[in-house]
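Trainee: Taken in sequence, the protein lines are chains A and B. The first sequence begins at 1 in full-length UniProt numbering and counts up by one. The second sequence begins at 1 in full-length UniProt numbering and counts up by one.
It is worth saying that the hints were derived from the structure and are not from the lab. Positions of the beta carbon are idealized from the N, C-alpha and C atoms, including for glycine. Do not rely on the hints blindly, as some may be mistaken.
So the derived label-pair ranges between C-beta atoms look like this [claimed, not checked]: (1) B/L144 <-> A/I131: 42 to 50 Å; (2) A/A58 <-> B/T504: 34 to 42 Å; (3) A/R2 <-> B/L575: 53 to 61 Å; (4) B/R578 <-> A/K103: 25 to 33 Å; (5) B/E158 <-> A/P83: 18 to 26 Å; (6) B/I154 <-> A/Q128: 57 to 65 Å; (7) B/I397 <-> A/I7: 18 to 26 Å; (8) B/L575 <-> A/A146: 49 to 57 Å; (9) B/T504 <-> A/G115: 35 to 43 Å; (10) B/V476 <-> A/P83: 56 to 64 Å; (11) B/F57 <-> A/K103: 44 to 52 Å; (12) B/A510 <-> A/G115: 34 to 42 Å; (13) A/R2 <-> B/R29: 24 to 32 Å.
Where chain A lies over chain B, by a calculated footprint (3+ residues, C-beta under 8 Å) [said to hold, decoys possible]: (14) 332-338; (15) 346-355; (16) 587-600; (17) 623-630.
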Amino acid sequence: MRPVFFIPLALFLFFAGLAGYMLANGRFEAVPSHMVNKPLPEFTLPPAVDGLPGTSRADFIGGKPKLLNVWASWCLPCIAEAPQLEALKEEGVEIIGIAIRDKPEDVGDFLNRYGNPYTRIGADDISQLQIEIGAAGVPETFVIDAKGNIRHQHIGDIRASDVPKLLQILEDVQ
Amino acid sequence: MIAELGLAALWLATALAVLQIVSGVLGLRAGEKGAALAIYARPAAVVQAFLAVLAFFLLLWAFAITDLSIKLVATNSHSMKPMLYKLTGTWGNHEGSMLLWVAVLALSGGLLAGLERRLPHKTMSATLAVQGFVALGFYAFLLLSSNPFERLPIPAVEGTGLNPLLQDIGLAIHPPTLYVGYVGLSVAFSLAMGALIAKQVTPDFAKVMRPWVLFAWVFLTLGITAGSYWAYYELGWGGWWFWDPVENSSLMPWLAATALLHSVSVLAARDALRTWTIMLGVLAFSMSMLGTFLVRSGVLTSVHAFAVDPERGSFILLLLGLYIGGALAIFAVRAGSITEGKRFSVTSRESALVFNNVMLSAILAIVLLGTLYPLLTEAFDVRVSVGPPYFNPAGAIFAIPMFIVMGVGPLLRWKQDKPARIQFELSLIAAVAIAVVSVVAILGDYSILAVLGLALSVALGIAAFLPLRGRKIGRVPLATWGMIMAHFGVAVSLFGMASESAFTEERLAAVTPGSTEQLGDWNIELMGVDPVAGPNWTAVEARLAVSRGDEEPTIINPQARNFWAPAQATSESALVTRWDGQLYAVIGEQSEDGRWQLRVWWKPFVTFIWYGGLLISLGGVLSIVGRVRLDLKRRSAVRKGKARRDDKAALSGAPQPEPAE
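With the hints as extra help, turn the sequences into a complete structure.
Mentor: Structure follows, in structure tokens:
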């Protein structure tokens, strides 16, 4: 027996263990960002696509609570959550997008293909705002109340079952 | 009755798989003497193949007549669907596609048992036992968690359709082709395990394994090529490879199979790389199973993932752990007992093959990591996506040296060679590559990867034919032609990829009927937009008159379709193919001022990507034919020689030797 021949087995067991752990432990126990219940930082982002304005902190102040959706056109889970964002929009929720490290033509493409639930999309080319609000990846969605405070963080894609929950939270923070 | 018959056939096949395992193990333990029960291994495999294929055809029949008392038919079909799509719907869903998987698995096991007579008894018994063991797990998966023949308590009134994205002729060919490739590798896996367990890793074993690997590899190549073209024209966004996890899960077995193919050739010709070959045999089928797990468990979300079910995921994961883990454990314990094989020097064809096998494995690791990384981070509650910005440069780091060595390797001799001997060839390849780089640099400012791709593809295209230099063309073996063809195909495909990425022109415009757009030397006139209807969709269809220079205009009709069962919108692209590229047109939505969004690409030489894929497959086919023909010739010569000796002995009246018991 030579130890080198055990390397493939060891690697495999590591991956299999991890996958098993994931399947066993459920997948969406989100750890809240440290920014939850704190005010949204000051920011101004240029438009991410022709035809839609960019965004800044001021857009979140006043009116009803809004959703801040951190996404990107190159992100597969974002495709999966597109119908749910559309459903939220149908319910009258205003969704402001932050496109992470993206190109205007790709953003336009994505919106043409999967629909546009956004009123504004800001381009965050160096993930500055993403990091400031404590989002680790894409997609993530934040509930922002009318005073500009972050009230809830949703990590990962929004599944169909998450839509009523998010609507409830939006109601609650009003 | 159909459903019950199908289910019975599956259960019977399961029982036969158990018999196959038992008799295979007994055969292995009895060694060359043979045990009483051992004779059942082969017939069990053959009958099992018949039963599993029968079960699949019964399901096909149920879909053809839209038997709505079967749950699977009711949820995935619709009485008003065109017949072709009723049939393809059989495997356009989880249960049906798993049944197809299992049917192909049993069929390849049956073919191996029925046709293969050259292997030592011990290796064959162990191989059949492993093949039976793999089949058993997947029968259990089908019967316990994905029964395709489940009845509804009350038959449905109407079915609920098929994902319209999948309602396409591409779907009719793509998954079955890919499955033949995926599952064909199960034979390579079983053979590798069989030889390892019996400790008979020999050139003869490699010669038995090679046609199976080639066969699976040809189908994988065709499947990936077809899948890429399908995604290209069906998804309507002009790309031909998306690094989608499902695409990756077909690419990974192909990478492993390509490495295995070359490794098994070295083992057959030179008796070297024994442990490598076994390892790659395990790896290739492991990647097939991993692909099945990723797609079928729904752990990844993508356009393809239409089965989301964690329970099934756990089941496949368990099977995966059992088979891959078990195989790797046996490898860990046994591989040390296989002697290393023949040695070779650094400049030799073996070295070049080893180098490229390492490169292929590295690319495989990159794709695997990129595909699994989102999964890994998800374990720590972060969901991320990995895309082309990672795959393209990371893959290229290993692909570029691989292409260079691929051009040079076939020119080298086995065992030991001097670079000086092939000085002319080396200079020619280098000169061509440098010339292309200079020309492209003058033409314009293109990305470094595209320029390198163009240079390598032209150099490789020429290098592919250099092994013919100084040989009599008529006497070159068919298998060598196969290699030349496949390597040339890689060059052609690479040329298409590089050209598409460097020279594509694009135009996005809002147009009114009657207006004309320019794209390069193409004129595109929107003649009108009309509503059209199909059997289960409605669409707006644009009439575009496109012409290049002064030629007669061609009418093409891109559509934006709306399916109504279930509701979904897709865009149907329209293509104009010329020898030097394709015009690709997509119609979008109408804006409020009445203008239509029109998107047109001119993609020079994009078709070469898929022509290359076809050439690679053709190379594989030539190799199989060449090898098998040679093998049959040799066998008949051996038989004739033996018959002549027997005749001589009978004539001379010498006492016949008693046949050994």
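Trainee: Which hints from the list above does the structure break, by number from lowest to highest?
Mentor: Per hint list: 9, 12, 15 and 17 violated.
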